[in-house]
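Visitor: The opening residue of the sequence shown carries number 98 in the numbering used here; numbering runs sequentially from there.
To be clear, the hints were calculated from the coordinates, so they are not data collected in a lab.
The beta carbon of each residue, even a glycine, is placed where N, CA and C say it ideally should be.
Take the hints with a grain of salt, since some may be wrong.
Said to hold, decoys possible - With beta-carbon atoms standing in for the labels, derived distance ranges:
hint, residue 1, residue 2, range
1, Met152, Asn116, 47 to 57 Å
2, Leu177, Asn246, 42 to 52 Å
3, Ala167, Gly217, 19 to 29 Å
4, Phe121, Asn182, 31 to 41 Å
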Amino acid sequence: IRSVIPLNTSGQPIFTIANNLPWFYSFMKSLAKISSPLLFIILGAQIHFSAVKTMKKLLIIGNILRLIIAPLLGFLSYYLMINFNLLSLSPAIVSALLALYGSPSPALAAVMAEEMDCDGELARQGVIWTTALSMFTLFLWTSFFRMTNWL
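Given these sequences and hints, build the entire structure.
Guide: Here's what the structure looks like:
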């Protein structure tokens, strides 16, 4: 779109939302700030805790895979690469990898599962439970990496 907007003599666009529609730009900026919390509110409104009984086994397996097995396999592969001198890790990289592997399931996974006619309820439950349990697992992973001097 920017390539179509005409430019003035100094090379600046003649029309920009930030300059010409500041009220709309401010609204969109505020909307962008609340998008993630709003998604969690909507997701929480759609959750049915009574459904946990029927999908308890799948939730336990999913939480273990997402919060324990995925970080374990990810860091094991990086540890092997370090031993074969393929790469080196700094504390900043370890922190980023911990955020990548140890984070809960993304909220958009539930929306995507619903839109693709998959089990939306299971996806919503997975997001809620991995988010709640990641408070503990991220603390444990961080403590482990502090004890091993990786962080």
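Visitor: Indicate, hint by hint, whether the structure satisfies it.
Guide: Here's how the hints hold up against the structure:
| no. | hint | in the structure |
| --- | --- | --- |
| 1 | Met152 to Asn116: 47 to 57 Å | holds, 51 Å |
| 2 | Leu177 to Asn246: 42 to 52 Å | violated, 18 Å |
| 3 | Ala167 to Gly217: 19 to 29 Å | holds, 22 Å |
| 4 | Phe121 to Asn182: 31 to 41 Å | violated, 54 Å |
Checked against the numbered hints given earlier, this structure breaks hints 2, 4; the rest are met.
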